[in-house]
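Engineer: Based on these hints, arrange chains B and C on the given structure of chain A.
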Amino acid sequence: MKRSLFGRLWPNVTAVVLFIVCVFPVYWMFSTAFKPTGDIISETPVWFPTDVTFEHFRTATDADHFWTYVRNSLTVTCLAVLFSLIIALAGSFALARMRFKGRRGFVIGFMLAQMAPWEVMVIAIYMIVRDGSMLNSLVPLTAFYMMMILPFTILTLRGFVAAVPKELEESAMVDGCTRAQAFRRVILPLLAPGLMSTSMFGFITAWNEFPLVLVLSKEAGGAQTLPLWLSSFQTQFGNDWGATMAASSLFAVPILILFVFLQRKAVSGLTAGAVKG
Amino acid sequence: MKRKLIAAIGVAGMLFSVAACGGDDGDGKSTGADGYEGQTLTVWVMDGSSPDEWQKDLAAEFETKTKAKVKFEVQQWNGIQQKLTTSLSEENPPDVFEVGNTQTPAYAKTGGLADLTELKSSIGADWTESLNESSVFEGKQYAAPWYFANRVVLYNKKVWADAGLKDTPKTRDEFHDALKTIGDKTDAEPIYLPGQNWYHFVGLVIGEGGELVKKDGDKHVSNLDDPKVAAAMETYKKFQALSKAPKDKDEATPQQGEVFAKGNVGAFIGMGWEAGIAIEANPKIEKDIGYFTIPGDTAGQPEGVFLGGSNLAVAAGSKKQDLAQEFLKLALSDKFEGGLAKANGVIPNKESLQSNLKGNAPAEAAAPAAAVGGTTPLIPEWAAVENAPNPIKTYMTAVLNGKSPAEAAAQVEGEFNKRLAQEQ
Amino acid sequence: MTVQTERPPSGPAGVRKTGDGGPGRPKPRAASRAGALAPYLLLLPACVVTVLLLGWPLLKDVLLSFQNLNMAQLIQHVTEWNGIDNYKEVLTGEDFWRVTLRSILFTAVNVVLTMVLGALTGLLLARLGKRMRFTLMIGLVLAWAMPVVAATTVYQWLFAQRFGVVNWVLDRLGWHSMADYSWTSSQMSTFFVVTLLIVWMSVPFVAINLYAATTIIPGELYEAASLDGAGGWRSFTAVTLPFLRPFLYATTFLEIIWIFKAFVQVFTFNGGGPDRLTEILPVYAYVEGVGNQHYGMGAAIAVLTILIMLGLTAYYLRIVLKQEEDEL
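In order, the protein sequence lines correspond to chains A, B and C.
All the letters of the first sequence, read from the start, carry residue numbers 1 to 277 under this note's numbering.
All the letters of the second sequence, read from the start, carry residue numbers 1 to 424 under this note's numbering.
All the letters of the third sequence, read from the start, carry residue numbers 1 to 328 under this note's numbering.
In case anyone wonders, no lab produced these hints; they're calculated from the structure.
Note that the structure is predicted; figures quoted are calculated from it, not measured.
For each residue, glycine too, the CB sits at the ideal point set by N, CA and C.
Mixed in with the good hints, there may be bad ones.
To be verified - Have a look at the derived ranges for each label pair, beta carbon to beta carbon:
| hint | chain 1 | residue 1 | chain 2 | residue 2 | range |
| --- | --- | --- | --- | --- | --- |
| 1 | B | Q76 | C | W168 | 30 to 40 Å |
| 2 | C | I216 | B | G414 | 52 to 62 Å |
| 3 | A | R179 | C | G219 | 51 to 61 Å |
| 4 | B | K157 | A | M134 | 46 to 56 Å |
| 5 | A | S42 | B | K219 | 50 to 60 Å |
Unchecked claim - BS3-like, lysine-lysine: derived pairs with alpha carbons at most 30 Å apart:
| hint | chain 1 | residue 1 | chain 2 | residue 2 |
| --- | --- | --- | --- | --- |
| 6 | B | K319 | B | K140 |
| 7 | C | K60 | B | K83 |
| 8 | B | K219 | C | K88 |
| 9 | A | K101 | A | K166 |
| 10 | B | K185 | B | K284 |
| 11 | B | K214 | C | K60 |
| 12 | B | K335 | B | K319 |
| 13 | B | K335 | B | K67 |
| 14 | C | K322 | A | K101 |
| 15 | B | K109 | C | K322 |
| 16 | C | K322 | B | K319 |
| 17 | B | K109 | C | K60 |
| 18 | C | K60 | B | K418 |
| 19 | B | K215 | B | K418 |
| 20 | B | K219 | B | K403 |
| 21 | B | K319 | B | K83 |
| 22 | B | K238 | B | K214 |
| 23 | B | K287 | B | K180 |
| 24 | C | K88 | B | K215 |
| 25 | B | K244 | B | K69 |
| 26 | C | K322 | A | K166 |
| 27 | B | K287 | B | K185 |
| 28 | B | K109 | B | K329 |
| 29 | B | K170 | B | K215 |
| 30 | B | K69 | B | K120 |
| 31 | B | K238 | B | K219 |
| 32 | B | K83 | C | K88 |
| 33 | C | K88 | B | K418 |
| 34 | B | K140 | B | K287 |
To be verified - Chain A is faced by these chain C residues, among others (derived, beta-carbon under 10 Å):
| hint | residue |
| --- | --- |
| 35 | G35 |
| 36 | Y40 |
| 37 | L52 |
| 38 | F66 |
| 39 | R98 |
| 40 | L101 |
Extracted from the complex, chain A is given alone in its bound form:
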């Protein structure tokens, strides 16, 4: 069945338009970051930077404690994602594979947990952490970030676990594996794409978190993370768009790379798994 020229054309045209809409803000962020100030504040926008400067990146990274923030952000994000994956894997296996009383309650419970509006509970959390003498520490940050992403991780992983054909596990058990061994040798490898794609959400949530760290870590150079740096940068350099965009670029790059890298695997993993099932 042949489509008309128009029928073939419009999806592509729409796709190009959508692509531009999606990419332009990201492109504008990077291009502003590399443009000399004169080109940034010019009456006609400079669409493609011709002379590239790293000056704004220098301003951005020269901020006090910049590398401490980078280290803190990486530590907190990675640990939170790791812990939540471990805890969620156990839970999701139970929810996807086993039948037991109260299963429905657990599912609903995690769905409710997913809705928790963390931003409005900031003061309650602050008082708990303060009274536990844990302020200015990465420990409560890691713990709460882990909690923020845990419900989503459990519920999403549950889908992935369920998508792994049960026969595989059973045949492994017939071959003499214990259930735990079967899980480790058969299910876990098949779950890898699922784990990766689930962890992306965790990464972006923990990497971005701002209202909580604002009250829990007030000591400069202590347990502060990059979102704080980015926002204080904005108040200080409010009109220096070059530096602000350089800072935003630096902040966004790890996540962008992670996504572009993982997304392909995750989507293909999902579809592949589904087709096989």
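Structural biologist: Just chains B and C, lined up with the frame of chain A:
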């Protein structure tokens, strides 16, 4: 690499042992010169309020005197109340901190500030009465007056020369005309005046003889519908119309000094020390900066100004009360108090140190207006008004965007009154 | 990343039903008792941390909502119970209801826009050629991956009054009054930018997930439909839509909770201004509680916010509840 790691562990160990010793301070009671060895006093100062050089000298002298170190932490005004309140509730609050004079009564009332009545009697006998007012609450001294300042016009001499202007204006109308001339004859923006420089607006209200709040029984309520306030706002609007600055931002976002530093702004209304921000952003601008008193209605009568200022307070929860008082004694000594006045051109806390302002251009421009300066009401309820979104700022933006002052006053009255009545 | 649908689309239900009664060896009784405990043990860590890290703060928040907690009480660690005063003040004031209504409208508009545009983009992805699909996918992933804080900053720059590229383009296109337009100056313009930002960030998630879902619709279904004489539209409504329904439900649920809680976007872009006209519930709770240092009041608003959110998602939760029941 390895050595670094070892050093890090060493530092961590030290921190730990300091923390472990923290609890002993109270019992020790050894207040001799060596008693403070190894201790570090945390001092919060606001962005731009004291020069690095001054802080360094003070820290050095403090260390020789008490053997204790000082750690200055620079804070931003934006969101400071939220940060300060939570910090004061913590185990390790900043020992000494700068607090704005309009916010001091509220904090005094919370019990978060240590009683400094004794300190006042030992070093504060000659503190200027009017400047000390905000630090006293229910008869007790809760802070020490540190520095005061009022706004002046900072102008770019080069831009003014380009426009053919020779003299600085003496009246409000002359000022307006001069700015218009700049607009007509040069490419520069005549004045950078964002819509929410509310301290300047408060000054204009004081100049009109108006009040922002009035008493209604034993409560304070909005007085924004007063014609005097409206007149002040009209003046503000007239000048704001000459600026391209955003109508819904204040002077700190972005820092107006940095905008001015770019060299194509004729003038702005700010603190004398804001010149320092401009010079830091663009050292070449230094020779072009001039200052004059904000002109009032008639020649010889300066515009009303808001007498801003900061006090130094000690956290009630600080475990280093004695050391903190030692710090205040040194910081407020003639040498450093006078030094700050000299360096920043701010009004010191006592008359005898005024001489430090001689030859300081911004201070000399500020001085004539200081006499007609005033403050926001010194009531504990006031601090809530300054929390974002500040209803006075909302009022200003509303008028600048075309509402009549009466309409704008009616619009924000509810919010304003709610904050003034907020349970403490 | 995928969406948590209630019925994992792969692995037909029949296969899973064979579960425990399968061809495995008969198990001794003791082992089966241990087996009965296994799911609870596996869920234990998740439940413990949830109770500790979410349950406790929630409880604390509820307790705070019955207290008069301001600067003085916070600093001096004083607990001052004031019964339901906070709730009374919030619920009898106009502000709360206005903000609630605004929040619901805001969420509705954004969710509808996101779902419609996202679904259309997802279907478009399915229709595109391989290369074009890959290109668009990259674009979507870039927009999706932008961290909120960075994205909001970038939008502030795009819509900056001076030197902002949007104003320049509008000016060039003939709207000369937009040359120096301040997007933060009015309620509608602020919401416009925030909505654009949120839709921009949320569409990729919906689109990519929906696309992934369409790829697993068995081709036989379409064949059967066309044998029955169904045209393009008919096979879409008869095959595609029913298959995608669980995805659509689940995605809508997630978008509702994410958009309802869009604190960072609204707060960072314009602080809920001008004149508090763009405050949505989480921002309102923050401004009243933390900003205004009226913490007990903030806690009360937070509790009410949670209740409203439960109300908004009740329909979906009911579906889930029923489905889980069917499965057992």
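Engineer: Are the hints correct? Go through all of them and say.
Structural biologist: For each hint, the structure was consulted:
no.	hint	in the structure
1	Q76/B - W168/C: 30 to 40 Å	holds, 31 Å
2	I216/C - G414/B: 52 to 62 Å	holds, 56 Å
3	R179/A - G219/C: 51 to 61 Å	violated, 36 Å
4	K157/B - M134/A: 46 to 56 Å	holds, 55 Å
5	S42/A - K219/B: 50 to 60 Å	holds, 53 Å
6	K319/B - K140/B	holds, 21 Å
7	K60/C - K83/B	holds, 21 Å
8	K219/B - K88/C	holds, 22 Å
9	K101/A - K166/A	holds, 21 Å
10	K185/B - K284/B	holds, 23 Å
11	K214/B - K60/C	violated, 39 Å
12	K335/B - K319/B	holds, 27 Å
13	K335/B - K67/B	holds, 19 Å
14	K322/C - K101/A	holds, 15 Å
15	K109/B - K322/C	violated, 56 Å
16	K322/C - K319/B	violated, 59 Å
17	K109/B - K60/C	holds, 26 Å
18	K60/C - K418/B	holds, 26 Å
19	K215/B - K418/B	holds, 14 Å
20	K219/B - K403/B	holds, 28 Å
21	K319/B - K83/B	holds, 19 Å
22	K238/B - K214/B	holds, 26 Å
23	K287/B - K180/B	holds, 23 Å
24	K88/C - K215/B	holds, 27 Å
25	K244/B - K69/B	violated, 46 Å
26	K322/C - K166/A	holds, 24 Å
27	K287/B - K185/B	holds, 22 Å
28	K109/B - K329/B	holds, 24 Å
29	K170/B - K215/B	violated, 36 Å
30	K69/B - K120/B	holds, 24 Å
31	K238/B - K219/B	violated, 33 Å
32	K83/B - K88/C	holds, 28 Å
33	K88/C - K418/B	holds, 15 Å
34	K140/B - K287/B	violated, 46 Å
35	G35	holds, 8 Å
36	Y40	holds, 7 Å
37	L52	holds, 8 Å
38	F66	violated, 13 Å
39	R98	violated, 18 Å
40	L101	violated, 18 Å
Violated hints, in rising order: 3, 11, 15, 16, 25, 29, 31, 34, 38, 39, 40; the structure is consistent with all others.
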